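Enquirer: Residues per chain, in single letters:
Number of protein chains: 2
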Amino acid sequence: MHILVLGAAGMVGRKLTEKLLRDGRLGKHDITRMTLQDVVAPAKPATSIPIDIVTSDFADPGTAAPLVAGKPDVIFHLAAIVSGEAEAEFDKGYRINLDGTRYLIDAIRAIGGGYKPRLVFTSSIAVFGAPFPDKIGDEFFHTPLTSYGTQKSICELLIADYTRKGLLDGISIRLPTICVRPGTPNKAASGFFSNIIREPLAGHEAILPVSEDVRHWHASPRSAVGFLIHAGTMDLQAMGARRNLSMPGMSVTVGEQIAALDRVAGKGVVARIVRKTDPVITGIVSGWPRDFATDRALKLGFTTAEKTFDDIIRIHIEDELGGKFVA
Amino acid sequence: MHILVLGAAGMVGRKLTEKLLRDGRLGKHDITRMTLQDVVAPAKPATSIPIDIVTSDFADPGTAAPLVAGKPDVIFHLAAIVSGEAEAEFDKGYRINLDGTRYLIDAIRAIGGGYKPRLVFTSSIAVFGAPFPDKIGDEFFHTPLTSYGTQKSICELLIADYTRKGLLDGISIRLPTICVRPGTPNKAASGFFSNIIREPLAGHEAILPVSEDVRHWHASPRSAVGFLIHAGTMDLQAMGARRNLSMPGMSVTVGEQIAALDRVAGKGVVARIVRKTDPVITGIVSGWPRDFATDRALKLGFTTAEKTFDDIIRIHIEDELGGKFVA
Numbered sequence: 001m002h003i004l005v006l007g008a009a010g011m012v013g014r015k016l017t018e019k020l021l022r023d024g025r026l027g028k029h030d031i032t033r034m035t036l037q038d039v040v041a042p043a044k045p046a047t048s049i050p051i052d053i054v055t056s057d058f059a060d061p062g063t064a065a066p067l068v069a070g071k072p073d074v075i076f077h078l079a080a081i082v083s084g085e086a087e088a089e090f091d092k093g094y095r096i097n098l099d100g101t102r103y104l105i106d107a108i109r110a111i112g113g114g115y116k117p118r119l120v121f122t123s124s125i126a127v128f129g130a131p132f133p134d135k136i137g138d139e140f141f142h143t144p145l146t147s148y149g150t151q152k153s154i155c156e157l158l159i160a161d162y163t164r165k166g167l168l169d170g171i172s173i174r175l176p177t178i179c180v181r182p183g184t185p186n187k188a189a190s191g192f193f194s195n196i197i198r199e200p201l202a203g204h205e206a207i208l209p210v211s212e213d214v215r216h217w218h219a220s221p222r223s224a225v226g227f228l229i230h231a232g233t234m235d236l237q238a239m240g241a242r243r244n245l246s247m248p249g250m251s252v253t254v255g256e257q258i259a260a261l262d263r264v265a266g267k268g269v270v271a272r273i274v275r276k277t278d279p280v281i282t283g284i285v286s287g288w289p290r291d292f293a294t295d296r297a298l299k300l301g302f303t304t305a306e307k308t309f310d311d312i313i314r315i316h317i318e319d320e321l322g323g324k325f326v327a
Numbered sequence: 001m002h003i004l005v006l007g008a009a010g011m012v013g014r015k016l017t018e019k020l021l022r023d024g025r026l027g028k029h030d031i032t033r034m035t036l037q038d039v040v041a042p043a044k045p046a047t048s049i050p051i052d053i054v055t056s057d058f059a060d061p062g063t064a065a066p067l068v069a070g071k072p073d074v075i076f077h078l079a080a081i082v083s084g085e086a087e088a089e090f091d092k093g094y095r096i097n098l099d100g101t102r103y104l105i106d107a108i109r110a111i112g113g114g115y116k117p118r119l120v121f122t123s124s125i126a127v128f129g130a131p132f133p134d135k136i137g138d139e140f141f142h143t144p145l146t147s148y149g150t151q152k153s154i155c156e157l158l159i160a161d162y163t164r165k166g167l168l169d170g171i172s173i174r175l176p177t178i179c180v181r182p183g184t185p186n187k188a189a190s191g192f193f194s195n196i197i198r199e200p201l202a203g204h205e206a207i208l209p210v211s212e213d214v215r216h217w218h219a220s221p222r223s224a225v226g227f228l229i230h231a232g233t234m235d236l237q238a239m240g241a242r243r244n245l246s247m248p249g250m251s252v253t254v255g256e257q258i259a260a261l262d263r264v265a266g267k268g269v270v271a272r273i274v275r276k277t278d279p280v281i282t283g284i285v286s287g288w289p290r291d292f293a294t295d296r297a298l299k300l301g302f303t304t305a306e307k308t309f310d311d312i313i314r315i316h317i318e319d320e321l322g323g324k325f326v327a
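So the sequences go chain by chain: V and F.
Letter 56 of the first sequence, counting from 1, is numbered 56 in our numbering, and no numbers are missing.
Letter 120 of the second sequence, counting from 1, is numbered 120 in our numbering, and no numbers are missing.
By construction, these hints were calculated from the structure, which means they are not laboratory data.
Heads up, a few of these hints could be off.
Any copy, or any two copies together, can satisfy a pair, since identical chains are not distinguished.
Once the Cα atoms are required to be at most 27 Å apart in a straight line, the calculated DSS-like pairs of lysine-lysine come out as [as the list claims (entries may be wrong)]: (1) K135 / K28; (2) K299 / K135; (3) K267 / K44; (4) K19 / K307; (5) K165 / K276; (6) K165 / K187; (7) K324 / K71.
All values derive from a computational prediction rather than experimental measurement.
Whenever a hint applies, use it, and build me the whole structure from the sequences.
Expert: Put into structure tokens, the structure is as follows:
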């Protein structure tokens, strides 16, 4: 089985690649070849499986055709610019997050001859916009309040239509906010949800810019990889024509996050959280989803790797910190 | 006020143009100029108001810029190929129904300097796909089962995002099936809903290809024009960021349509309906919306011209048949 990962240098792309190479298989099929694409060169993993590294701009009309020329059986499409960048750079957002996807599915279609790869597209809960019900159900409508959410929603529609027409075998999964996101603090408005866990565990201070009653929807990186693999292997016939799906996750308040950190790592770690209210971030976050009822995804076999937010913290300590933190 | 009508040669476009020229104004503003565009030349109406006729292909990347160069204040965007054609001609559907709209909104954006026209986009109930609740509410999700519905849904998202970014002042309204559609029978799967009224009133036989318990969602051409004019004049601030809206209509069964025809025109007319079940059409129609709860549109002041299906038939007799029919 040949697997193509688009956006392979990103956090989820790297973790997915590692997991696939560790398993050596996807579902029942041995992996015989992988192609890893991103706009910056993805690191070449040490493996006996043949790996092609492709550095290319997903917004370039010529990028897609050579990527699918080798007829990959499964395509994980994680290529995107993030919400804040898509909002600040209107044209760039549409070029990468919308046109890029269209080039991809049209390149798949152009191959013809019955070529119909599994396409797993990472969508986002940004397809939803406030005001929300207490829990966003599987049939709630899409009213994105960002260009990013608009672009994700459009790609969901395109992939569903191309699937319906028999041109590919697509599924779009909407990931929760990934927590704890490894790496260094970034400027994303959502960054603090991870910063307030990751930085104190590493011995650093972290700023909490919102009040503790802010509620949000999370899943661990390990869950995200699990969702992608399930989406890449499951029988999609069970989904019928409705190929877009909100993934399971965990709804917690910031206060509950901090209480979990206290339980897992102790008061000394929690004391590194510095409260400094930022009205801009508070405003942005107030328009974000807080909770979901993901009955359909659960019924279709999508499960999280964690049962509590304590688990999310423990997964971070295990997967990123070698089991240790700065007490 | 300068008004641009895209798709002006179509049935709704013609009726809208006639109404605007008859009124000489849109809301509080005198109409000082109209531009009528379609792929076939729209008829030049007899009027003292200056009219520009433009014949152009909406899918051509160069079409949009000259149309908006004169900075029309209100744009009624009715340009589209219909559902059946978009399904049969995949590329053509995406080019006209999606790319064409993008060219338009990008051409508006390119003008800049604060130019922010009202854009009224005719969307469709085809953005919804079965299975449905008994009544489709204002927050039901979009799961189109046709490329046409996919393209309409995408345009809704684009217009909402461009509006949110302050690049235009857009609204998308989803018209019910227009009944009674004037003209000759066409091959659209929905054609029979109008054929079984229009043809018998003209003294001709009409084939009914489905059973009488088939329920569907209708509005008269007069209502459609009224919706467009309200959308072109109302204060859109009241809609917030949610600029997409299902229009009011009437849910009736085919049996109720026929009973109304009997009341309005008599048994002799009804006798011209020939029952001849078509399993293909029956299958297509089974996936269509049957009923809506359009509370939001009603609250925002959208109203139909009819209260009963009898009214829909009477409007056809008045507006299309000069008050007479073949008894």
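Enquirer: Run every hint past the structure and note whether it holds.
Expert: Outcome of the hint check:
Taking CA atoms no more than 27 Å apart as the test, K135 paired with K28 passes in neither setting, with 36 Å inside one copy and 43 Å between copies. Taking the shortest alpha-carbon separations for K299 and K135, both the intra-copy value of 17 Å and the inter-copy value of 25 Å come in at or below 27 Å. Taking identical chains as interchangeable, the C-alpha atoms of K267 and K44 are never at most 27 Å apart, the minima being 40 Å within one chain and 79 Å between chains. Taking the shortest Cα distances, K19 and K307 sit within 27 Å of each other inside one copy (21 Å), while across copies they are farther apart (62 Å).
For the homomeric pair K165 and K276, neither the shortest alpha-carbon distance inside one copy (52 Å) nor that between copies (30 Å) is at most 27 Å. Taking identical chains as interchangeable, the C-alpha atoms of K165 and K187 lie at most 27 Å apart only when they sit on different chains, with a minimum of 21 Å there against 40 Å within one chain. Neither within a single protomer nor between protomers do K324 and K71 lie at most 27 Å apart by alpha-carbon distance, with minima of 43 Å and 64 Å respectively.
This entry does not satisfy hints 1, 3, 5 and 7, going by the numbered hints stated previously.
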